[in-house]
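Q: Below are the chains, spelled out letter by letter.
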Amino acid sequence: MKYAFYPGCVARGGAPELYDSAMAVMKKLDIELEELTKAACTGAGVLQEKNLKMGDVLNVRTFAMAENMGLTILVLCSTCQGVMSQANYRVKKDPNYLKEINEILAEENLEYKGTTDIKHLLWVIIEDIGLEKLKSTFTKELTGMNMAPFYGCYMVRPSDALGFKENPIRETSVEELIEAVGGNVTDFSGKTACCGFPILFINQANSMKMVANHTGTAKDKGADAMVTPCPLCHLNLDGYQAKARRQVRNDKADLPIIHVPQLIGLAMGMKEKELGLQKHIVSTKDIVKKVEQISI
Amino acid sequence: MIVDLKIKRFDPSDSGGKTWWQEYSVDIHKDSTVLDALIQVREYEDTSLALRCACRASICGSCGMRVNGNAKLVCKTRVVEVAPDGEQIIVEPMGNQHVVKDLVISLDTFFDQIKRIKPYVQPDESPESGEYIASNESMENLLTSMNCIMCGVCVSDCTVLEVDSNFIGPAALAKAWRFVEDPRDSKKESRLSELNNEDGGIWDCTRCMKCVEVCPKGVSPMDRIMELRESAIESGNKNTPGYHHTESFYNSVKKHGRLDETRLAVDSAGITNVTRLLDLAPVGMKAMIKGKLPPILPHKSEDHKNVKKLYNKVEGEEK
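As given, the protein sequences belong to chains A and B, one line each in that order. Counting from 1, one number per residue, gives the positions in the first sequence under this note's numbering. Counting from 297, one number per residue, gives the positions in the second sequence under this note's numbering.
Hints in this document: simulated from the structure, not taken from any laboratory. Please note that a few of the clues may not be correct.
Stated by the list, open to error - On the chain B side, residues computed to face chain A include the following (Cβ under 10 Å):
{"no.": "1", "residue": "V459"}
{"no.": "2", "residue": "T502"}
{"no.": "3", "residue": "R525"}
{"no.": "4", "residue": "N535"}
{"no.": "5", "residue": "T536"}
{"no.": "6", "residue": "D563"}
{"no.": "7", "residue": "G580"}
{"no.": "8", "residue": "K605"}
{"no.": "9", "residue": "E614"}
Note that CB positions come from ideal geometry on N, CA and C, so glycine has one too.
Given these sequences and hints, build the entire structure.
A: Structure below.
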């Protein structure tokens, strides 16, 4: 299966282990990629605060490039998924608006007809590859591992732009994956809440409360790790966990925040370094050890 | 059809208040709403159950409750929507607001937030004769926000209010937008600067979209908050980290086609704000040691020159 690859900024910036682990896992799953090297940033919803149309122009430009390649866009980030899905939803609903944007893109000889799909790696695995085929690549069953899902807002809302009605499995995609690798789901109500990253530079006190509440609650409920399809959530929940837990709960950072492909890689028997687990700020040693102790 | 309910109860008369879960089963028509099921419980199973409702047609905004974790108007929620395979339905009082008894919350929090934004038109002077006239077009635009029925569903599930009760909140900010945009109001500028500067104002929203998802009337409070941010910037409010964050992001993509993460952090903190920069430094250092820090020089999109051209075109159109 071949996709138009849109890696996003964080996988190549603040969370390089996401890029490395995703590449390793996709290779094993025979996912072929053609990178959209000319595509611009999605705007992450931030650029849209200043100029919504500018954001839509940039995203529709990317959709048109993928359309010309005849491929679905594959992303690694909840925020890329959400922002692109929203832009796609807006222009598909309003042909006049799409026409307006196409006129701007005409200078580059691009025209979007409205046929491009955008899929996070997690959705590609569940919907296109299938959990059964995924399981056939596993060498380990992660029994006894308790994992809390953490989605990232843009992966779950707004549900109509994300196609939840047509693809209801998306609503529980992280849980599906945790169960597929043989782990136990540690459910908690914060799993679809905000991680606090968007206000990290704006209202750090609130951001820290969110980090401490989510990681602390999941830990209290027995989680060994948290699994997220969103690298921005990872940056905040991993990078600021020590500070947040000290400030808000007067305890220590003890919950590793694992990227989706890292979890899959562990079940495929890949090593710590191959998945970049040593690069996390909150130590992943305990879960690496726990996985090593599982006999094949 | 048998419907199973698990209801969160609260009895304030018990010393200090007592909370517990109680389960019920009722036999009702398959097209019933969750409210129908709850009324059935109260009328025939347990007369001590407290709940509030009035119109039963999603107009009065009285019956906001959490159903399976999300706030909804229970009169607008059919049983088969939330329990398609006959699952047990979990009903709780709304969040972020004081519970009076069982499923009834106090509206004090909600209206305290609404009062903060001065929810009335403040014209400059009285018209010479008759009433204030506003054109139809100028009022039509406000309909999204005027559809609000003050049910408190968005306040219940707001992820900021969960950690900060001082946030003005989604419903009140959507209402603030309505007055900022009202052609009869003369306080647009001062409203915007207050919303911009106040603790708990427009920049504290995390853009999590919970309010957009749960609002039963399509008000989309978060979208209104984003419009307030845009208007605040346009009228010259450029003193917040939120403004610097947005501006830096916008310009980074304009220049490189991609995001310059390092620059974004520095710009948002404020290049001259040494305390805030030092505050970010420890995490930056840890990340660098682990090999995680974003590159000091930004990635450029292969096509960043074309991106810049598009920017110029869109910006040119708007001038």
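Q: Hint numbers the structure violates, sorted upward?
A: 4
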